[in-house]
Structures are given as structure tokens and as C-alpha cells.
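Top line first, the protein sequences correspond to chains A and B.
Residues 260 to 704 (this note's numbering) make up the first sequence, in order.
Residues 260 to 704 (this note's numbering) make up the second sequence, in order.
Some hints could be false.
Which copy? The list can't say, so a pair holds if one copy fits it or any two copies do.
Stated by the list, open to error - Dumping the calculated BS3-like pairs for lysine-lysine here, alpha-carbon to alpha-carbon at most 27 Å:
#1 K385 x K632
#2 K271 x K681
#3 K595 x K681
#4 K385 x K271
Quick caveat, the hints were computed from the structure, so don't treat them as lab data.
Just so we're clear, the structure is a prediction, and the values are computed from it rather than from any experiment.
There are 2 protein chains.
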Amino acid sequence: MRLSRYFLPVLKETPAEAQIVSHRLMLRAGMIRQASAGIYSWLPLGFKVLSRIERIVHEEQQRAGHIPMLMPTIQSADLWRESGRYDDYGEEMLRITDRHKRDMLYGPTNEELITDIFRSYVGSYKALPLTLYHIQWKFRDEVRPRFGVMRGREFLMKDGYNFDLTKEAALHAYNRHLVSYLRTYERMGLQAIPMRADGGPIGGDYTHEFLVLAETGESEVFYDSAITDLKFGDRAIDYDDIAECRGVLEEFTSRYARTDETHDEAKFAEIPEERRRSARGIEVGQIFYFGTKYSEPMGATVTDETGAQVAVHMGSHGIGVSRLAGAIIEASHDEKGIIWPEGVTPFGAGVVNLRQGDAATDAACDDIYTKLKAAGVDPLYDDREERAGSKFATMDLIGLPWRVTIGPRGLKSGQVELTRRKTGETVELSPDDAVARLAEIYAAR
Amino acid sequence: MRLSRYFLPVLKETPAEAQIVSHRLMLRAGMIRQASAGIYSWLPLGFKVLSRIERIVHEEQQRAGHIPMLMPTIQSADLWRESGRYDDYGEEMLRITDRHKRDMLYGPTNEELITDIFRSYVGSYKALPLTLYHIQWKFRDEVRPRFGVMRGREFLMKDGYNFDLTKEAALHAYNRHLVSYLRTYERMGLQAIPMRADGGPIGGDYTHEFLVLAETGESEVFYDSAITDLKFGDRAIDYDDIAECRGVLEEFTSRYARTDETHDEAKFAEIPEERRRSARGIEVGQIFYFGTKYSEPMGATVTDETGAQVAVHMGSHGIGVSRLAGAIIEASHDEKGIIWPEGVTPFGAGVVNLRQGDAATDAACDDIYTKLKAAGVDPLYDDREERAGSKFATMDLIGLPWRVTIGPRGLKSGQVELTRRKTGETVELSPDDAVARLAEIYAAR
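Just chain A, same shape as in the assembly:
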């Protein structure tokens, strides 16, 4: 993309209303604009990041064998009355009356709707195991929306639901989700620690939250520092292998790691003192096993091998897709701006022309820009007539992980500069080598 033809409204001033760094940087980098309290438009740069996050979530869910679909945003109140949650949910539920005076609502989650779909079609254990998921906008009418997309009212969430014949099978689904989430967050450059959590209004004894450590996190967390050494990495995993998935769960949850809701001072004290940590964390996902909590009242049963009717065992599993855009920035920025991990960066590299209007420099920039596009790097070319300093500041603010700088002086000796945003480290190399280096970095993504 050529910046002269893009829409990237970066702000010079820091907006007064933004209290945390991700909110400030998303506004300044022209990623989002508030439409009304807690509701945002995703400007082109923000939408690109959101789409990349969404794509990673889709890929990892499908790798785990989970099946994508899409439920609507507006639901009928009837199903929520059936599960008993319509009255429980309180003022956070956005309640709507349509023109025929029917009670509707903007879905904050989808246990009822998915259970209704399941019971309408599935009658036999032979259709199990089954995990369906979708990525859809949700609404929670927060009394005080704040922190930008981190605690908005309209937000994008992946929510998945497993249906299994037995508790054991459902716990395998739980473990499978844990593994797929570890992979998902790592691909986004995040370390998200699974912590034992509280069931809350969704319910359930088995539940883990995934938390990214960050000073601005809303949760207080307590953990054994040994847990931060764990990495899933690029190990192979067979999602059908029950023991293998359980092994990963045990590896990642055997160390003490809890939020303040489930914190146990006595257990915490058992950790060697030098490994005890308390910090703040941002919740970016949660998995639940809740058994027959919805299937029983809603009659989601199947016949088992003996012909008996049994209520299916379910769980639900969420990833905060729009919130992740903020969480990644909280975890990865400096005083100059955002530092995108390669997995979610809106553009793979920035191309900065130091002397716009100089025929040779323009030609060299056009050439490298074309080659980067062909190599799948998806470059952003700053072809505006601006000072070099201003171009660098924009690239630093929007946080592209790599920058190619091209000017008449370097071109004389056939060199361009390749700079890494994270470290500022710069190497000089030929334009073709710069393209090859970047192509290699992005080839695996």
C-alpha cells in the first residue's frame, strides 16, 4: 500500500481521555476512533490488525478440529428464559424490543443459542465429539466502559462450544482448547499464562483464564516464576491424542498461577520465596467445562450406545479477539510507539523514501515496493513529500517490525538500510537482499 493513497490519520497530540498506553497508541496511530462510549470504529490500520488476529484464531481452531460457523448478534429472549439466565444477567445485557414488541437482546455470549442448534439436529452419540465455534461481535453494556478496546461495550470474541458424550471426552475437549490457545497466543507474540479461575455467570468447576502479564492489567495475579519459562513452541501435537493433550495441560498448569479470585495464600507460601511473584495481568481468554448445566435444562440429549437418553457434556471457550489488539500493544511498545510482533503486524515492513521526487530514489523505492509485494511481505510505502524525521516517527508510532530506508547516498553504493523496530538495529544491504531477508521472515506466517 502507498501511504499517499491510504487512510492513516495519525494524531500528533496524545488524546486526553486515554488512560492506558494501548488506548493512547491505538488512537494516535489511527487504528480506532470512538463512535460512542465503549464502541469503536476500526480504521484501516486497526482493521488490518484485527483481521490478522482473527485469521490466527481461525487457523488454530481449525487445526484443532473445531468447526467454524456464525451465529447472529441479535437473539430472542426466549432461549435465555429457558436457561434461566435472562433475569440473572443484569444490566450488562443490552435488551431490545423490536417493532412487534418482542423481547430481544444483543448476545453477550451464546451458550443458549448453540445448545438450541445442537438439540434441534443431533440425536445420537455417533455425531460426537463435536466442537462448533464462531467469531462474532458481542455486546456487554458496561456501566463504565474504558481503556479503549480493552473494556469496550461492543467487542469481537471467538466463542466455541464442545458437545461430548462423557465427562472424560469433554475434558479432552477442554485440554484440546488449552493447547490450541497456547499456540494461538504464541503466534501473536504473546505469553499468556493459564491460571485457575472462577466460574462466574457461565459456571463450571474446571476453568482457566489466560493472562498476559502487563502493568495495566485489571487482574491481580500470583504465580510461580518457573511458569514463565514454559513455551509451547513449534512442537507437533496430535489433537486426537488424549494423553498428549492432557500432558500439555499438566505441564502448563501444574505450577501455581492464580488470579486474586482464586488465590490461596497457604499454597502460594509453599513456593520457594525467590520464585513467588505477584503482578498484574490482562485476561485474553477463558476455557470452561460445565458439564450438563445447559444441556439438562434445555434438553440437549443424545442416545448412547445402550439406547439411553443422556444429556451431553459441554464446555465453552472464549478468546477476546478485539481486546487482543490492545493486549498485544500493552505487552509490546516503547516510548516511540507500538512494536508489532510479525504474526499480527498490519504491514510486514515500511518503505521510507528519503528523497521523494528524486527520480532515481523514487524508481528504487517503486522497485523494492513491487518486489516486496510480490514476495508476500505486504509493505507500506511512505511516498509522501515529508521530512525523513516525520516519516521515521510515523513508522515508529504505527510499529511495523521492519523498515527499509532508501536514499540517494546509499543507492550510490547500491545499499539500502534494513532496520528492526524492536532493537533499532540497522544493517546495510542490497535491495534484493533486503527483499529476500524479509520474504524469509514472513514465509512461515
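Keeping the supplied structure of chain A fixed, place chain B upon it in accordance with the hints.
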């Protein structure tokens, strides 16, 4: 995807509530399920089709230089009061009161919100031309939702907005949209005819609707049959070339083609009698140029070259994304079920195992399935223990354009069958040739 692990709840009976063929077939093929009146869940097969339609729309919009972003579903009423449309819009607007008693609404369209974004950031003609678009769920509280996704209440739409300094520049944006829409529909296997239309509540003198001819269309249309010979095809187009885009508009709009709203009997009578046609059509898109209708009341102005403040010239351009899934079926089906064009088919080919459980046949099926996946064909392998007839009926119903049939008899002579859904035409060939043939068909998509 292996069917034994998929969620494809096909129905044997034709649902009584469905009045038109696309609605019946979408229900029977397990593509959608009604969540409440006019609101649908997109089951896995339906979601795949919807995603493919969405991807084509994105690709063609970006090819034309239009920039993707995303506005929220819930809007504040304030902006609509500013444009004067809050009271005009009537009962079709889903009005919502949030917990702080603020008037909100579920956006039926986005002229106000995008104009607000524009005026907040853009102050100079130098940022023009600019076209922003998004694909987002909309809500129109239809008094009698019907025909499945064709006239639902919650529906997915692509809406794009151009901002230009002059009327001439805005009309180029209009023409550019017309060209990109022709390409978009053709890629979906549709012939959509641009017809002169009525401005309606969005307003504007320049507006064309795109209509797909189909008996179940809600609009009566009148046209010169010569128009159905026109094809955009794979001609190259330079979207920056004003004359070239205008040429396409002239080519595709010079013949008489109107809906009943703008029909002119006298003009129609001028067409040679043998070319006069009246038929029914489904509206799948509309483009508008409306000048300064929103920019003036909302103060969306820029300074021009002389330093004067001028209101920008705008247009808006919509494609009914979810409705297209239904429209494509209306245009392409037979008594056995859907016939997907290759551009939007949920799976590239079906693989039918005629003797599930037979070791050699299973192995041959696994092999061809794996090779088709590797070749990017995205096959659906019916690996269930069902009779051949039932497997064929399912494949015909869900409408995959190609089917590979594998059984012990053919395998003895090293052959499988490749059948084209549209014609029933079958050829015998080696498994590798079948893979190569399908890979070639889908390579260009």
C-alpha cells in the same frame, strides 16, 4: 474435511415455512437455521459460502483501490439527528436504549458514521480521492421478514463511501464501483444487470441497482435483451483511468434496463419488439452518487487548491453479502438441489467412497483426499457408512460442482469417476488425473 467429523445437518423433509427455492434449499442443505424471525445462524456449510462471497467482495474492492475498515453495529442516535434521518427512518430502524438511557440504534447503513469519521480527520483536498468500505452486519426491522436470508432482519452488507473534491471525481468513483461490481458478481457466477433505479431514503440522482434475473425476484424489471449478451469477462481494467471506467459504464448502461420504479413505457416501446423483455429480478447491490447531501449538513468540508472550504462530493455503494448466498441459489439449482459456481462453492469437490470399510477403497479415498487438500481443492470426503445413493443425494443437495466417486470396481482398472454437478457428465480417469484436473479448475480462483 471428512464428513464424519463435520456438522452437516441435512434435512429430508422440505420445511413448510420456506416459500422460495433458495430458502428451502438452504434449510435442507444444513446451511442456515432460523434463530428468530428474519434472523439466522449460519451453520458450517452456510458460513463457508458466506466467507467465500465476502472474500471475493474484499478482493474486488481492494483491486479497485478501496480501503477496508470496520464500523460498529451499534450507533448513537445523535449523528442521525444531525443528518435529519433519525425521525425519517421509521419503524425499520431498530432503536435501542442503553443502561444510561441514551438513544442508540442498530445501524441499517453508515452514511452518518463514515461522514463523521471523515470530517474528524480530513481537512485538505490532498487526502482525496478516498473510498472507505466495510463489510458489517446491519439490521432492518422488516415488518414481515421472509424468504430466508433474502429478506432477513439481520443481514451482512458491504457498504462503501467515496469522498471526492468535485462532482466529476465522484462520478469516476461511481463508475469505478460499477466496474468492480460487474467483476464481483461475475466471479460468483452471476449475471447482475445494472438498472437505473430510484434514490429512495439514501437519496441521489445517479443510482443503479444490480439485479439478478430470477422468477422469485421481488422486483419487476424491463430490459432490452441485448443487455444479457454483455460480459465483463477477464478484460484488464485500470481503475485510475477515468475514460476507461466511464466506457464500461456506458457499455453496460446504454441499453434500456429499469425496475418498475423507474420504468418508462414510452422509452421501452422504442426497443424492437423482439428484444423487449419483462421479468423478475433480485437486487444484489446498488450504487449512489448523492453529492453533498450528507457533507453539507454535517460539515464534511475540505480546503481546495484555492484555500476555499468546500463540501465533499460523496456516494455510497452497497452489496448484499448474505443475500447473495440466496440469490446465487435462486439462479443456480435444479430439482436435486443447489449447483454452486466454483467461485463460491463451500468445498471444491466431493469425494464419495462407494464401499466404506473396504481396505483398498478406503486407502484410495484417503490418498485422493489428501492430494486434493494439498492441491488447494478443499474437498469434502463422505466417509460415512451409508449407501451410495444416499451419499450421491447429499452431494447433489449441497451442490458441490464436482464429485469424485471411488469404488472397488473402478479401482481394479485404476479408474475413478469425475462428475460435473451441473450437467451430470461423468468421465473415468486415474486418481492423479482427477486431482490434476480439479487443481487446474481451482488454480485461478
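Between the shortest in-copy and the shortest cross-copy C-alpha distance, which are at most 27 Å for K595 and K681: within, between, both, or neither?
within (11 Å within a copy, 58 Å between copies)
Given identical chains, is K271 near K681, meaning Cα to Cα at most 27 Å, within a copy, between copies, both, or neither?
within (22 Å within a copy, 58 Å between copies)
Please sort K385 with K271 into within, between, both or neither, judging by C-alpha distance up to 27 Å.
Classified as between; 19 Å across copies, 60 Å inside a copy.
From the Cα coordinates, with 27 Å as the cut-off, is the pair K385 and K632 best called within, between, both, or neither?
between (47 Å within a copy, 25 Å between copies)
Every hint from the earlier list agrees with this structure, and none is contradicted.
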